[in-house]
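Enquirer: Sequence:
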Amino acid sequence: MTDLTANWAAPHSIYWSWNLEGVPSNFLKYELVLAENVDDLRTRRGTAKVYDASTSPELGILEIPYSDATVQSTVTRGLEPLRSYLALLYVTDVNRCESTSMIFTKKTPPPTLSE
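Per our numbering, the very first residue in the sequence shown carries number 138; after that it's consecutive.
Be aware that a few hints might be false.
Said to hold, decoys possible - Cβ pair distances, simulated, as ranges:
(1) Glu158 / Ser251: 15 to 25 Å
(2) Ser154 / Gly215: 16 to 26 Å
(3) Asp140 / Glu200: 35 to 45 Å
(4) Tyr152 / Glu200: 19 to 29 Å
(5) Glu173 / Asp205: 12 to 22 Å
(6) Leu165 / Met239: 17 to 27 Å
(7) Asp230 / Leu250: 39 to 49 Å
(8) Asp205 / Asn144: 18 to 28 Å
(9) Thr139 / Glu173: 16 to 26 Å
Note that these hints are calculated values from the structure, not bench results.
For every residue, glycine included, the Cβ atom is placed at its ideal position computed from N, Cα and C.
Take these sequences, add in the hints, and give me the full structure.
Expert: Structural data, given as structure tokens:
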């Protein structure tokens, strides 16, 4: 997969997208890990949050049913305002081989006036 990026951010969420290369039938799952520092990101401990099919159902599929589209985006929720998040996207294939994206960083904006 290539080009993990954050398209937009709100105080408590970030919308992520990526490009996926390869044979769709080899796909098994996505996992998106966010953390506030590289150590937590790599170990999935401390500040790390793991988003997978249990938290974001679209991360458990590649091809969207009844369409020609593939899943190449997700929204991470439950984030804190004014915080920088590092992200790594993991893609696992049917042979349990894992590929990762480059680390991408995105900061959430300040809270809204109503918060």
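Enquirer: Now, for every hint given, state plainly whether the structure supports it.
Expert: The hints, checked one at a time:
{"no.": "1", "hint": "Glu158 / Ser251: 15 to 25 Å", "in the structure": "violated, 42 Å"}
{"no.": "2", "hint": "Ser154 / Gly215: 16 to 26 Å", "in the structure": "holds, 19 Å"}
{"no.": "3", "hint": "Asp140 / Glu200: 35 to 45 Å", "in the structure": "violated, 19 Å"}
{"no.": "4", "hint": "Tyr152 / Glu200: 19 to 29 Å", "in the structure": "holds, 21 Å"}
{"no.": "5", "hint": "Glu173 / Asp205: 12 to 22 Å", "in the structure": "violated, 38 Å"}
{"no.": "6", "hint": "Leu165 / Met239: 17 to 27 Å", "in the structure": "holds, 21 Å"}
{"no.": "7", "hint": "Asp230 / Leu250: 39 to 49 Å", "in the structure": "holds, 46 Å"}
{"no.": "8", "hint": "Asp205 / Asn144: 18 to 28 Å", "in the structure": "holds, 21 Å"}
{"no.": "9", "hint": "Thr139 / Glu173: 16 to 26 Å", "in the structure": "holds, 25 Å"}
Of the numbered hints listed earlier, those contradicted by the structure are 1, 3, 5.
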